[in-house]
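Protein chains: 2
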Amino acid sequence: MQARPGQGVIIDARSSRALILVGIALAGVLGASVNARAQALKDIQTPDTPLVLKAQGSFFVGGDKVEQTAGELGDLGPGGNITINQMYVRYMVPQGGDRNMPVVMVHGATLTGKSWETTPDGRMGWDEYFVRKGHPVYVPDQVGRGRSGFNQAIFNDVRAGSAQANSLPRWIRFSDEVVWPNFRFGSKPGAPFADAQFPVAAVDELSKQGVPDVTFGGVPTPNPTLKALSDLASQVNGAVLMGHSQSGSFPLAAALLNPAAAKGLVLVEPGGCPPNYTEQQITTLATIPILVVFGDHRDTPTGLPGFPTWQERFEGCQAMIGRLTKAGGQAQMLATPERGMRGNSHMIMQDKNNLQIADLILKWIDERVSKPTRVRK
Amino acid sequence: MQARPGQGVIIDARSSRALILVGIALAGVLGASVNARAQALKDIQTPDTPLVLKAQGSFFVGGDKVEQTAGELGDLGPGGNITINQMYVRYMVPQGGDRNMPVVMVHGATLTGKSWETTPDGRMGWDEYFVRKGHPVYVPDQVGRGRSGFNQAIFNDVRAGSAQANSLPRWIRFSDEVVWPNFRFGSKPGAPFADAQFPVAAVDELSKQGVPDVTFGGVPTPNPTLKALSDLASQVNGAVLMGHSQSGSFPLAAALLNPAAAKGLVLVEPGGCPPNYTEQQITTLATIPILVVFGDHRDTPTGLPGFPTWQERFEGCQAMIGRLTKAGGQAQMLATPERGMRGNSHMIMQDKNNLQIADLILKWIDERVSKPTRVRK
Numbered sequence: 001m002q003a004r005p006g007q008g009v010i011i012d013a014r015s016s017r018a019l020i021l022v023g024i025a026l027a028g029v030l031g032a033s034v035n036a037r038a039q040a041l042k043d044i045q046t047p048d049t050p051l052v053l054k055a056q057g058s059f060f061v062g063g064d065k066v067e068q069t070a071g072e073l074g075d076l077g078p079g080g081n082i083t084i085n086q087m088y089v090r091y092m093v094p095q096g097g098d099r100n101m102p103v104v105m106v107h108g109a110t111l112t113g114k115s116w117e118t119t120p121d122g123r124m125g126w127d128e129y130f131v132r133k134g135h136p137v138y139v140p141d142q143v144g145r146g147r148s149g150f151n152q153a154i155f156n157d158v159r160a161g162s163a164q165a166n167s168l169p170r171w172i173r174f175s176d177e178v179v180w181p182n183f184r185f186g187s188k189p190g191a192p193f194a195d196a197q198f199p200v201a202a203v204d205e206l207s208k209q210g211v212p213d214v215t216f217g218g219v220p221t222p223n224p225t226l227k228a229l230s231d232l233a234s235q236v237n238g239a240v241l242m243g244h245s246q247s248g249s250f251p252l253a254a255a256l257l258n259p260a261a262a263k264g265l266v267l268v269e270p271g272g273c274p275p276n277y278t279e280q281q282i283t284t285l286a287t288i289p290i291l292v293v294f295g296d297h298r299d300t301p302t303g304l305p306g307f308p309t310w311q312e313r314f315e316g317c318q319a320m321i322g323r324l325t326k327a328g329g330q331a332q333m334l335a336t337p338e339r340g341m342r343g344n345s346h347m348i349m350q351d352k353n354n355l356q357i358a359d360l361i362l363k364w365i366d367e368r369v370s371k372p373t374r375v376r377k
Numbered sequence: 001m002q003a004r005p006g007q008g009v010i011i012d013a014r015s016s017r018a019l020i021l022v023g024i025a026l027a028g029v030l031g032a033s034v035n036a037r038a039q040a041l042k043d044i045q046t047p048d049t050p051l052v053l054k055a056q057g058s059f060f061v062g063g064d065k066v067e068q069t070a071g072e073l074g075d076l077g078p079g080g081n082i083t084i085n086q087m088y089v090r091y092m093v094p095q096g097g098d099r100n101m102p103v104v105m106v107h108g109a110t111l112t113g114k115s116w117e118t119t120p121d122g123r124m125g126w127d128e129y130f131v132r133k134g135h136p137v138y139v140p141d142q143v144g145r146g147r148s149g150f151n152q153a154i155f156n157d158v159r160a161g162s163a164q165a166n167s168l169p170r171w172i173r174f175s176d177e178v179v180w181p182n183f184r185f186g187s188k189p190g191a192p193f194a195d196a197q198f199p200v201a202a203v204d205e206l207s208k209q210g211v212p213d214v215t216f217g218g219v220p221t222p223n224p225t226l227k228a229l230s231d232l233a234s235q236v237n238g239a240v241l242m243g244h245s246q247s248g249s250f251p252l253a254a255a256l257l258n259p260a261a262a263k264g265l266v267l268v269e270p271g272g273c274p275p276n277y278t279e280q281q282i283t284t285l286a287t288i289p290i291l292v293v294f295g296d297h298r299d300t301p302t303g304l305p306g307f308p309t310w311q312e313r314f315e316g317c318q319a320m321i322g323r324l325t326k327a328g329g330q331a332q333m334l335a336t337p338e339r340g341m342r343g344n345s346h347m348i349m350q351d352k353n354n355l356q357i358a359d360l361i362l363k364w365i366d367e368r369v370s371k372p373t374r375v376r377k
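Listed in order, the protein sequences are those of chains A and B.
When you line the first sequence up against this note's numbering, it's residues 1 to 377, in that order.
When you line the second sequence up against this note's numbering, it's residues 1 to 377, in that order.
Simulated from the structure, these hints should not be mistaken for lab results.
Put simply, identical chains are the same to the list, so a pair is met inside one copy or across any two.
Result set (DSS-like, lysine-lysine): computed pairs, CA atoms no more than 25 angstroms apart in a straight line:
1. 133 x 54
2. 227 x 65
3. 363 x 133
4. 227 x 42
5. 133 x 352
6. 54 x 42
7. 65 x 42
Note that the coordinates shown come from a computational prediction; the quantities given were computed from them, not determined experimentally.
Kindly generate the complete structure, drawing on both the sequences and the hints.
Right, here's the structure in full:
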């Protein structure tokens, strides 16, 4: 058996055009050398109080055994089996927090779990902050990126001439220049909004977070990350699933695979809220608390010709919330400008007021999401 | 300017043949479905006492800005700049441990920093253990792998027909079958040595740690990881640099770039110890405490035709230690069978007696490596 990924696409989007639109939004990379910093370590702030963990570590969810040829394995030995499509997860459980609701944080396009860690300018990331607030936190790398790896077979096949070059999936990365308008740091590169919350002086550090993303064509359909998220939520006896940008709708898709394990869904600046759910799917999702989070300057032209603005995406999510509400659900929108905060960007978990936003999400979890029924071992 | 990596090779190896030999040894992946485990999380052990951290987080070292075309960026927008060749680093600093010597742990081929985290069967990894013993620990992903990303330009160029397929670098992964003899779990797949220390029942979890590795041709020469390791050691005011397998000689190379920052070097099952150092280089390395660690069953045929056994690599390191000793150095070999331990594998940091091995390294650091002269902020 030979591994060959299918045509991977963002799930639940309206059409193949929309798929690209959703994809483009997502997450990314950026940079445009404003005050470039050669060394990030010196800028990292040390907290005033220690972090006390019951446990920390990493593990994998999912994965498929496939047999590949010697050539597909890079000719370092005979052909044989490897594992692909596994999802790497790093976790931290706070001391005394094992009765609290676990939170799973999934990154966006061309990024990895690093999104949720130390911010580009050296402040605490949401991963640690949520742990300090008592929640076990699980941070995956999506299948196909980072420590989850990807299926290299087709690339080696093309290299050896046994497959056509045009059968290769494409790798995407966002340029530093595109990130400025698309992530709403400013209307153009190097020109931040007057009220910009993103730490633009450290924008080169965000550029370093970028990795090539083969989601469009190099990951099977449906994306194995969805099942892995659902299984992860089940393994921890229920969790809040949080997605961002390209993975913004992943919590919805994972919840539909196993609604009992998805105790709450947080969609942070989602690339899109699926408009085509059936009434049955809406009925199911209406049983789960859902929070959609959007920042400011949403009508900024993205800098990507033909792509919708974040305001259009926001409106799509408003429409989904409307359907859920009509079905008796408790979905709600958290638009930061309506809460008195200006200038929040697409990378809201890295913005200068990121912990203020986190507090709003934590409050929502406390108020809307039920406590776990079983305790983590 | 267009980014195009050079012909990346393992540094300091004897010849292009030897380069491949060193490469093949390295690290890897494996599996051969013995007692496959679908869910790893349930097998993870929770420590008896909490982990108390002064700080934890992540950052990048190094990185180059390059301009790429729209096609090279995956056609999601116009051409522009991105960052490549950066090195991701995750760190943990123990409460009260900021006066102790930092330890940097670098993984081997086709692997990521995951190597040092929770073991395949759910025990504590060396990253946490060294922190619990008082040391700040820094775990990078090598440039070209994991959260450090790689340069995707050539792959998109070939896809678009603007570069030839045979110009592609190859991606390597080790098959599950090759790992058994090459990592010395047993002489053949599924047949562990009677005294095997590797947790072979969890071998499928090690298979999941594998990621495609483009070090041979897809990473510039010299490998940017070497300078990044040297810079990292400098940024933390001096560190013990630990490499494994393919990166086994990286601590030596990084030390030669900045000897003052490399306070101690630990070569864990190195793919090779360079035989071609000049007398000047040996004189420099003789000023730094060096420990080389090898396990058992070293004369096992690797299962990779034409490749040297680990015993041959061991003997090459003995020869280097001889040169260093003659130059007044304090390099030494830690061969676990000579310390009364049998059955240790190539993945010694994941073996069942991994903490016993760690204790020997910690004792060596205490006895041979001087204390930091400055305290981490």
